[in-house]
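Q: Read off the chains here:
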Amino acid sequence: MSIVTVQLGQCGNQIGFEVFDTLFSDSYCSQGLCSKKENEAYQASCKERFFSEEENGALLVLVARAVLVDMEPKVINQTLSKAARSGRWKYGQHACFCQRQGSGNNWAYGYSVHGPRHEESIMNLIQKEVEKCDSLSGFFIIMSMAGGTGSGLGAFVTRDLQDQYPNSFKMNQVIWPYGTGEVIVQNYNSILTLSHLYQSSDALLVHENDAVHKICAKLMGLRQVSFSNLNHVLAHQLGSVFQPTYSAGGSFHYRRNPLGDLMENLVPHPEFKMLGVRNIPQMSENSLAYSTFTWAGLLKHLRQMLISNAKMEEGINWQVRPPLSGLPALGKTSFNKEPHFNTSIANLVILRGKDVQSADLGGFKDPALYTSWLQPENAFNVWKTQRAFNKYEKSAALVSNSQSLVKPLDTIVGKAWNMFASKAYIHQYTKFGIEEEDFLDSFTLLEQVIASYRNL
Amino acid sequence: MTQSVVVQVGQCGNQIGCCFWDLALREHAAVNQKGIYDEAISSFFRNVDTRVVGEGGSISKGKIRTLKARAVLIDMEEGVVNEILQGPLRDVFDSKQLITDISGSGNNWAVGHNVFGSLYREQILEKLRKSAEQCDCLQCFFIIHSMGGGTGSGLGTFLLKVLEDEFPEVYRFVTSVYPSCEDDVITSPYNSTLAMKELNEHADCVLPIDNQKSLFDIISKIDIMMNSGKLGKTVKPKSLVTSSAGALKKRHEKPFDGMNNIVANLLLNLTSSSRFEGSLNMDLNEISMNLVPFPQLHYLVSSLTPLYTLADVNIPPRRLDQMFSDAFSKDHQLIRADPKRSLYLACALMVRGNVQISDLRRNIERLKPSLQFVSWNQEGWKTSLCSVPPVGHSHSLLALANNTCVKPTFMELRERFMRLYKKKAHLHHYLQVEGIEESCFTEAVSSLSALIQEYNQLDATKSMPIQDLPRLSIAM
Numbered sequence: 001m002s003i004v005t006v007q008l009g010q011c012g013n014q015i016g017f018e019v020f021d022t023l024f025s026d027s028y029c030s031q032g033l034c035s036k037k038e039n040e041a042y043q044a045s046c047k048e049r050f051f052s053e054e055e056n057g058a059l060l061v062l063v064a065r066a067v068l069v070d071m072e073p074k075v076i077n078q079t080l081s082k083a084a085r086s087g088r089w090k091y092g093q094h095a096c097f098c099q100r101q102g103s104g105n106n107w108a109y110g111y112s113v114h115g116p117r118h119e120e121s122i123m124n125l126i127q128k129e130v131e132k133c134d135s136l137s138g139f140f141i142i143m144s145m146a147g148g149t150g151s152g153l154g155a156f157v158t159r160d161l162q163d164q165y166p167n168s169f170k171m172n173q174v175i176w177p178y179g180t181g182e183v184i185v186q187n188y189n190s191i192l193t194l195s196h197l198y199q200s201s202d203a204l205l206v207h208e209n210d211a212v213h214k215i216c217a218k219l220m221g222l223r224q225v226s227f228s229n230l231n232h233v234l235a236h237q238l239g240s241v242f243q244p245t246y247s248a249g250g251s252f253h254y255r256r257n258p259l260g261d262l263m264e265n266l267v268p269h270p271e272f273k274m275l276g277v278r279n280i281p282q283m284s285e286n287s288l289a290y291s292t293f294t295w296a297g298l299l300k301h302l303r304q305m306l307i308s309n310a311k312m313e314e315g316i317n318w319q320v321r322p323p324l325s326g327l328p329a330l331g332k333t334s335f336n337k338e339p340h341f342n343t344s345i346a347n348l349v350i351l352r353g354k355d356v357q358s359a360d361l362g363g364f365k366d367p368a369l370y371t372s373w374l375q376p377e378n379a380f381n382v383w384k385t386q387r388a389f390n391k392y393e394k395s396a397a398l399v400s401n402s403q404s405l406v407k408p409l410d411t412i413v414g415k416a417w418n419m420f421a422s423k424a425y426i427h428q429y430t431k432f433g434i435e436e437e438d439f440l441d442s443f444t445l446l447e448q449v450i451a452s453y454r455n456l
Numbered sequence: 001m002t003q004s005v006v007v008q009v010g011q012c013g014n015q016i017g018c019c020f021w022d023l024a025l026r027e028h029a030a031v032n033q034k035g036i037y038d039e040a041i042s043s044f045f046r047n048v049d050t051r052v053v054g055e056g057g058s059i060s061k062g063k064i065r066t067l068k069a070r071a072v073l074i075d076m077e078e079g080v081v082n083e084i085l086q087g088p089l090r091d092v093f094d095s096k097q098l099i100t101d102i103s104g105s106g107n108n109w110a111v112g113h114n115v116f117g118s119l120y121r122e123q124i125l126e127k128l129r130k131s132a133e134q135c136d137c138l139q140c141f142f143i144i145h146s147m148g149g150g151t152g153s154g155l156g157t158f159l160l161k162v163l164e165d166e167f168p169e170v171y172r173f174v175t176s177v178y179p180s181c182e183d184d185v186i187t188s189p190y191n192s193t194l195a196m197k198e199l200n201e202h203a204d205c206v207l208p209i210d211n212q213k214s215l216f217d218i219i220s221k222i223d224i225m226m227n228s229g230k231l232g233k234t235v236k237p238k239s240l241v242t243s244s245a246g247a248l249k250k251r252h253e254k255p256f257d258g259m260n261n262i263v264a265n266l267l268l269n270l271t272s273s274s275r276f277e278g279s280l281n282m283d284l285n286e287i288s289m290n291l292v293p294f295p296q297l298h299y300l301v302s303s304l305t306p307l308y309t310l311a312d313v314n315i316p317p318r319r320l321d322q323m324f325s326d327a328f329s330k331d332h333q334l335i336r337a338d339p340k341r342s343l344y345l346a347c348a349l350m351v352r353g354n355v356q357i358s359d360l361r362r363n364i365e366r367l368k369p370s371l372q373f374v375s376w377n378q379e380g381w382k383t384s385l386c387s388v389p390p391v392g393h394s395h396s397l398l399a400l401a402n403n404t405c406v407k408p409t410f411m412e413l414r415e416r417f418m419r420l421y422k423k424k425a426h427l428h429h430y431l432q433v434e435g436i437e438e439s440c441f442t443e444a445v446s447s448l449s450a451l452i453q454e455y456n457q458l459d460a461t462k463s464m465p466i467q468d469l470p471r472l473s474i475a476m
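Chains as they are written, first to last, in UniProt numbering: chain W, 1 to 456; chain F, 1 to 476.
Please note that a few of the clues may not be correct.
As the list claims (entries may be wrong) - Label pairs and their computed distance ranges (CB to CB):
#: 1; chain 1: F; residue 1: Asp-331; chain 2: W; residue 2: Asn-286; range: 42 to 50 Å
#: 2; chain 1: F; residue 1: Glu-437; chain 2: W; residue 2: Asn-124; range: 54 to 62 Å
#: 3; chain 1: W; residue 1: Val-61; chain 2: F; residue 2: Pro-88; range: 47 to 55 Å
#: 4; chain 1: W; residue 1: Asn-286; chain 2: F; residue 2: Ile-466; range: 38 to 46 Å
#: 5; chain 1: F; residue 1: Ile-466; chain 2: W; residue 2: Asp-210; range: 17 to 25 Å
#: 6; chain 1: W; residue 1: Asn-317; chain 2: F; residue 2: Glu-365; range: 19 to 27 Å
#: 7; chain 1: W; residue 1: His-427; chain 2: F; residue 2: Ser-387; range: 28 to 36 Å
#: 8; chain 1: W; residue 1: Asn-286; chain 2: F; residue 2: Glu-169; range: 50 to 58 Å
#: 9; chain 1: F; residue 1: Lys-34; chain 2: W; residue 2: Gly-221; range: 36 to 44 Å
#: 10; chain 1: W; residue 1: Lys-218; chain 2: F; residue 2: Glu-277; range: 28 to 36 Å
#: 11; chain 1: F; residue 1: Arg-129; chain 2: W; residue 2: Gly-433; range: 26 to 34 Å
These aren't lab readings, by the way, just hints derived from the structure by calculation. Since we're looking at a predicted model, the values are computed, not measured. We treat Cβ as the ideally placed atom computed from N, Cα and C, and that holds for glycine.
Take the sequences, apply the hints, and build the full model.
A: What follows is the structure, encoded as structure tokens:
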């Protein structure tokens with residue numbers, strides 16, 4: 001089954017490009033460390049998911065199953081020419097929609113002006129892309145939540161997708177802005193985005209710029225970090241989730257419905273749909289050549305990253321321990337105790353590389369890791385393939401639905417609330433039909449989400 | 001991509017404008033080596049085939065033929081505009097873009113606003129409409145004028161209202177040159193105060209520039225450094241301040257050229273991220289969205305660094321960091337103001353050239369402790385990265401601050417206004433003009449006072465402890 005990607009705004013388009021480029025170069029790289037047959041099956045599966053084929057004379061060219069949307073032309077032009085220059089894959093000739101004037105960081109402008117005005121054209125493009133799929137697994141929507149186009153128009157398009165494709169899965173890749181501002185109204189734009197997505201999307205996969213930046217600086221050893229570096233790490237993380245894996249233990253068939261399986265494994269309740277990704281190992285290509293890993297070591301670190309809520313393997317707090325079983329639930333819910341334990345709703349570990357069958361995942365099956373109303377066998381899943389990913393001989397990704405986003409969410413809601421109380425910038429939103437009540441609705445919904453996650 | 005139209009009004013406005021077009025041409029010439037008319041150039045220039053007579057001359061694609069500025073030049077005397085038409089930039093403008101008169105406004109806002117306003121309204125409107133029609137997607141009018149005189153101040157602010165009525169969707173960014181205390185126009189406090197009311201009501205963003213003090217200080221400082229040999233040979237000849245040579249006469253003959261150059265550069269840097277590519281774009285409509293929390297508080301204090309270039313292009317991080325530090329020092333502000341001692345409502349950092357997001361983050365973290373932000377906007381930063389540096393530089397920074405440090409300029413203006421007004425000095429020159437009554441003066445000064453009061457209220461929050469407000473509580 002195929003996934004149609006919708007890339008929105010500057011951020012969405014820049015990341016979208018890196019994702020497709022990573023998927024392509026991983027699939028067609030020579031270092032898959034597996035049999036030829038195996039590699040071909042992997043390539044075919046990746047292609048079914050993310051690329052269609054186009055004949056170009058005698059050559060078959062891969063075309064990303066993607067729709068590019070932006071309200072100003074610069075970024076899309078840049079993205080298209082980068083893809084064309086790669087010479088290996090490209091975007092569809094008529095898969096772009098852009099306008100001349102951006103949303104100006106105004107969520108209301110993206111949602112209430114650009115949305116309705118361009119609804120038909122954008123949905124038509126998406127439909128054309130859907131028609132190219134033999135069967136549709138769902139939509140992957142890449143957007144930032146700080147700006148205007150990605151966030152406002154992204155929320156609008158997601159709602160439209162929910163209306164027109166109610167049976168397809170919708171997963172939004174949401175880029176969480178740097179804590180110390182990129183856009184001054186980012187907290188307003190973020191709460192409006194999140195609250196709207198919560199009502200129309202099946203899952204929100206969140207990446208925080210601050211966390212990715214740290215990975216670039218610490219693990220990749222980059223002295224000067226550029227957006228292209230950030231997007232590269234992000235694409236690696238997404239690729240590690242979306243590249244093919246076997247459908248079940250012992251089976252050698254690749255999973256057919258990646259989005260559906262992700263939802264089934266990770267979103268057991270509609271109140272909880274915020275997901276985060278952690279990867280191990282992550283390092284520069286130079287260091288990779290001199291490193292070896294064992295599954296036991298990797299998984300031990302990955303588990304501690306989960307429970308201590310660390311985004312990377314450096315600087316993990318090893319003091320954090322799961323609460324003793326049998327302890328009253330109260331101990332788990334109290335949120336202020338330090339260092340605090342990150343309770344999960346669901347976890348999915350994805351293992352890729354040599355000897356995956358030998359990896360022991362017992363550590364993730366401890367009931368103490370999960371909320372009391374789910375048993376580990378329902379809350380934990382593992383996907384595997386012995387095909388190595390992106391030149392890592394062994395690598396593990398953990399997608400989890402846990403409390404880890406409560407803190408950043410709480411911070412954003414708090415800052416937006418402080419600003420809202422002073423009524424600053426509200427006039428910029430009411431100008432385009434987003435009223436104070438709409439803000440209050442968003443605040444209410446998100447306070448509810450925070451409370452629900454806290455009380456796990 | 002969007003386009004902007006520059007409306008330059010009065011002597012000062014036209015001098016700055018002239019400088020701006022010179023620099024804009026140089027910048028695009030440096031970036032666009034192939035001579036193809038592209039979207040970046042189209043934001044300020046039309047491509048015209050002059051062999052075609054009449055209306056059909058505009059070319060949207062292909063090789064650059066003749067570039068025409070998207071500009072309307074207005075002056076009520078002929079001197080400066082004639083000089084432009086005889087100078088090297090004459091081909092950039094054609095007669096259809098000009099409006100001149102011979103009588104001048106006599107340093108009287110009322111003459112500029114009321115007399116010439118009603119006399120030239122239709123003619124101005126026609127030229128504005130024409131220039132708007134020549135755009136695919138007109139986003140912004142840049143009005144350049146001075147506050148102290150008659151034409152720029154009076155007709156320039158009259159225009160604002162016209163633009164607002166006629167093009168409500170198009171932004172109005174105003175570069176206003178404020179008179180200094182040593183100003184030789186005796187009525188400048190009247191003119192400026194009357195103009196302020198119009199700016200308060202009809203502008204989206206105002207970039208105040210101090211005519212004398214700050215810019216003069218900046219320029220003489222660079223002069224001293226160059227002459228003393230301290231920077232001597234390491235200063236590039238084509239630095240920001242000294243690169244005016246082409247279109248205008250030598251800098252030393254005209255002390256204003258250096259200043260005009262800085263203001264022209266301000267406009268170039270302000271628009272660079274919307275014209276050129278970058279990893280973090282900032283369109284013009286993002287400026288007011290991010291920097292104007294309340295409609296009235298739309299005055300942005302700007303600073304530009306570096307003002308001269310050092311010869312080595314490969315910048316060690318220390319020097320890059322110095323650029324960020326300078327942008328916050330009071331010596332680099334384009335009005336007399338000290339943002340570090342006042343309260344920030346919001347701040348934008350627009351970076352050009354070889355600078356990455358990590359450099360930006362590092363400097364924000366480093367500088368933040370020394371800056372005070374209003375309680376509800378503790379992380380009030382808007383940032384952009386444009387990959388094309390200014391000509392002759394490896395990198396540059398434009399900082400725009402919505403900061404209460406702009407208040408003293410307004411208070412001083414009010415004081416000077418009151419000094420004249422108490423004695424009713426020169427009032428009769430204004431009251432002679434049709435439509436001007438004393439109430440115009442009282443309304444103007446109370447509009448100014450209301451603005452000052454808004455800044456006062458914000459300043460009063462400075463000493464208050466910052467605390468989180470009680471949030472909505474959820475019943476579980």
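Q: Against the range 26 to 34 Å, how does the distance between the Cβ atoms of F:Arg-129 and W:Gly-433 compare: consistent or not?
A: holds (29 Å)
Q: So does W:Val-61 sit 47 to 55 Å from F:Pro-88, Cβ to Cβ?
A: holds (50 Å)
Q: I want to verify a distance hint. Is the separation of the beta carbons of F:Lys-34 and W:Gly-221 within 36 to 44 Å?
A: Given a distance of about 38 Å, which is inside 36 to 44 Å, the answer is holds.
Q: So the hint says 17 to 25 Å: do the beta-carbon atoms of F:Ile-466 and W:Asp-210 match that?
A: holds (22 Å)
Q: That 42 to 50 Å hint for F:Asp-331 and W:Asn-286 (C-beta), does it hold up?
A: Because 44 Å falls inside the window, the suggested range holds.
Q: For the pair W:Asn-317 and F:Glu-365, does the Cβ-Cβ distance stay inside 19 to 27 Å?
A: holds (23 Å)
Q: Honestly, do W:His-427 and F:Ser-387 meet the 28 to 36 Å range at C-beta?
A: holds (33 Å)
Q: Go ahead and decide if the range 38 to 46 Å is satisfied by the Cβ distance of W:Asn-286 to F:Ile-466.
A: For F:Ile-466 against W:Asn-286, whose Cβ atoms are near 45 Å apart, the range 38 to 46 Å holds.
Q: Is the hinted range of 28 to 36 Å satisfied by the C-beta distance from W:Lys-218 to F:Glu-277?
A: holds (29 Å)
Q: Is it true that the C-beta distance of W:Asn-286 to F:Glu-169 lies inside 50 to 58 Å, as the hint says?
A: Check passed, 52 Å falls within 50 to 58 Å.
Q: Determine whether the Cβ-Cβ distance between F:Glu-437 and W:Asn-124 falls within the hinted range of 54 to 62 Å.
A: With Cβ atoms ~59 Å apart, the hint holds.
When the structure is compared with the earlier hints, no violation turns up for any of them.
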